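Engineer: Using the sequences and the accompanying hints, generate a full structural model.
Residue numbers (my numbering), protein chains in the order written: chain A, 1 to 235; chain B, 1001 to 1226; chain C, 2001 to 2243.
Since the hints were derived computationally from the structure, they do not count as laboratory data.
Possibly wrong hints are sitting among the right ones.
What the hints assert, rightly or not - EDC-like mimics (lysine to aspartate or glutamate), calculated; alpha carbons at most 16 Å apart, straight line:
id, chain 1, residue 1, chain 2, residue 2
1, A, Lys77, B, Glu1226
2, A, Lys77, B, Glu1225
3, A, Lys108, A, Asp118
4, C, Lys2065, B, Glu1226
Keep in mind that this is a model prediction, so the values were computed, not measured.
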Amino acid sequence: MTPIEAFERARRRSAVWIGVGLLLMAAVYVRALVFTPVEAVQGLAQKIFYIHVPSAWVAFLAFGILGVTSAVYLFLKDPRVDLFAASTAEVAMVFTTAVLVTGPIWGKPIWGTWWTWDARLTLTLFLWFVVLGYLVLRTAVHEPGQRARYSAVLGILGALLVPFIHVSVYLFRTMHPMPVVLRPGKPTLPGAMLATLLFSFAVFTLFFVALLWHRYALARLADARARAEAERADA
Amino acid sequence: MGELLRAAWAIAAKDVLLEFRSRTAFVSALVFTALVLAIFNFARDPTAVSAVDLAPGILWITFTFAAMLGLNRAFGLERENRALDGLLLSPASRTAIYLGKVLANLVFVGSVEAIALPLFALFFNVPILPVLGPLVLVIALATVGFVAVGTLMSSMAVNTRLAELMLPVLLLPFLVPPVTAAVQMTARLFAGRPFSEVSAWLRLLVGYDIVFVAACILFFESTIEE
Amino acid sequence: MPAPLGGARAALAVRGLERSFGHVRALRGIDFALEAGDSLAVFGPNGAGKTTLLRILAGLLRPHKGEVLLDGAPLERTDAAHRRRVGLIAHYSLLYDGLTAAENLAFYARLYGLRDREALVTRALENVGLADRAGDAVGTFSRGMVQRMAIARALLHEPRIVLLDEPFSGLDQRAAATLRDLLMRLRAERRTMVLVTHNIDEGLELATHVAIQVAGRLAEFGPVAGDLAAYRARYAEATASRG
Chain A
1 MTPIEAFERA
11 RRRSAVWIGV
21 GLLLMAAVYV
31 RALVFTPVEA
41 VQGLAQKIFY
51 IHVPSAWVAF
61 LAFGILGVTS
71 AVYLFLKDPR
81 VDLFAASTAE
91 VAMVFTTAVL
101 VTGPIWGKPI
111 WGTWWTWDAR
121 LTLTLFLWFV
131 VLGYLVLRTA
141 VHEPGQRARY
151 SAVLGILGAL
161 LVPFIHVSVY
171 LFRTMHPMPV
181 VLRPGKPTLP
191 GAMLATLLFS
201 FAVFTLFFVA
211 LLWHRYALAR
221 LADARARAEA
231 ERADA
Chain B
1001 MGELLRAAWA
1011 IAAKDVLLEF
1021 RSRTAFVSAL
1031 VFTALVLAIF
1041 NFARDPTAVS
1051 AVDLAPGILW
1061 ITFTFAAMLG
1071 LNRAFGLERE
1081 NRALDGLLLS
1091 PASRTAIYLG
1101 KVLANLVFVG
1111 SVEAIALPLF
1121 ALFFNVPILP
1131 VLGPLVLVIA
1141 LATVGFVAVG
1151 TLMSSMAVNT
1161 RLAELMLPVL
1171 LLPFLVPPVT
1181 AAVQMTARLF
1191 AGRPFSEVSA
1201 WLRLLVGYDI
1211 VFVAACILFF
1221 ESTIEE
Chain C
2001 MPAPLGGARA
2011 ALAVRGLERS
2021 FGHVRALRGI
2031 DFALEAGDSL
2041 AVFGPNGAGK
2051 TTLLRILAGL
2061 LRPHKGEVLL
2071 DGAPLERTDA
2081 AHRRRVGLIA
2091 HYSLLYDGLT
2101 AAENLAFYAR
2111 LYGLRDREAL
2121 VTRALENVGL
2131 ADRAGDAVGT
2141 FSRGMVQRMA
2151 IARALLHEPR
2161 IVLLDEPFSG
2171 LDQRAAATLR
2181 DLLMRLRAER
2191 RTMVLVTHNI
2201 DEGLELATHV
2211 AIQVAGRLAE
2221 FGPVAGDLAA
2231 YRARYAEATA
2241 SRG
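Structural biologist: The structure is reproduced here in structure tokens:
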């Protein structure tokens, strides 16, 4: 099987898994809305929690993977690693945006305002900016080797930045007490809610893997086609 | 080590001399500072918001934006006649090139800060003399942090088409820890609070400086070598 | 045609150089060797990879495969000692328009850690006939004068290997003549030279060896054998067969 055929097959298979993931997400929705009890204090708005929290988990996971693959690239200089990092960044963008969208949707009915500088949301916001910078940088650099190097440096620095932003936000909040917000993800969730949350975590992780696999296959496919094109032009 | 510092010094001196001759970025930064002062003065209601509350934030916005006017200059001036190749051909280590650029940028930003700070004290009527020592320390630490990262970012941004736009996009998230710390500490100092109250922020700032200066030195070579 | 690789301590030897930019293969295996004092002229059309080759020889670019050997030792990018042995004269000056001629050279003297900077700079300017313009900003110089400054800068640290990238481009008759004289002098000083150009007329008289580079490979390499007309013919043939 030629490389192009192999990547085509990967693309099709991962697309199937994306479909599976979407179906499972619908199942999560159904379970969350119909089969899970409504939370006493927050009411229906709390249902978003089952989307918001797993999105955050996946977004941070993706960002961590981005940091690690960036470091691996600088070490190995393998262009496939660069393609993987870029795919991770795009998927990270999707889930980070999901967190930033679901957060205010959850917050508005409860806090009365779309945005507060909540610790986790603020950290996610700056993560979003780092990933945005990463993607914009990639579009602005044309030579593939240079693009890979620049992206890798930005990826590593971005990963290093996360703990510092976390501490900054934490220090800011302890010095400026904010209205007490209901903490998501407390371990003492009643059984049915916990089950829904765990189910959602699993589904989101699956969806993340499928998306990443698909995006990587697409990237390798485009790269293989470009190489074939260049070789044809050569001959 | 001595050679490294000598080369860095030579590069920094050359950069400062060039900027001194043309003065364009420096003048832009000063004009920007004056504009900010004037606008905020007319924009606020003196009875509603006290100057002391507003001053730290405005001060640091001015410092960071003025810095960004100068940061792209550092590698921008190496583009004419491909002068950067000249630096890369020489025995000077890549770290020396980075340190030289950082040093030149620090001179630039430091000069703007040295002029802006007394102006702010004057127009916003904030007492800086009693806290001058700690204040200068805070300014120095935060400036080193964002100039170190900004210099690295500009070495990449300058090779892209919209360099002036790319630098802020890349740099903005990295400004959050040092600038937040600096604003908080500046506010406490202006309010006459004891310095010990801000020790946590100080630790954050010092930690940031150590980690990111080291990281930038380590990764600079990857942004400059092909 | 692969060249016999000179002795183990050839002044400059290149083995199996390969370099790509993305999927574009700029160099597909370059081999040659030069003894001290040889002058190699590399002719080739645009896009042949000549500049890429030169930048690798200068240590500005890392090859993906193969190696460059100076006196038998591999050119490591990070080795400062090797960089002292190489000088580059290109069609861009590597100078700062905002600094004076003397300041530009003094800066490079500092960067290379050279002693007696003032005397060195004065001598360098005299050698290229620009001593009277020492205090003028390079931005005010004509193209010919800038080229002379570039030569002064490149030779400041007495490199044993001089690389030239299209040095005659944009020069008028007079400036080109001055450049030719200077390069003849370099040849007389037994420096090893590599000149790349797309213009056969300019490089041939300076060369002891000739290479024709087409599409990332050397179509031929060897000591100068034949006159300008012969090489023009071979060049046309080499570029046509690829075209």
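Engineer: Against the structure, test the hints numbered earlier, and report the numbers of the ones violated in rising order.
Structural biologist: none
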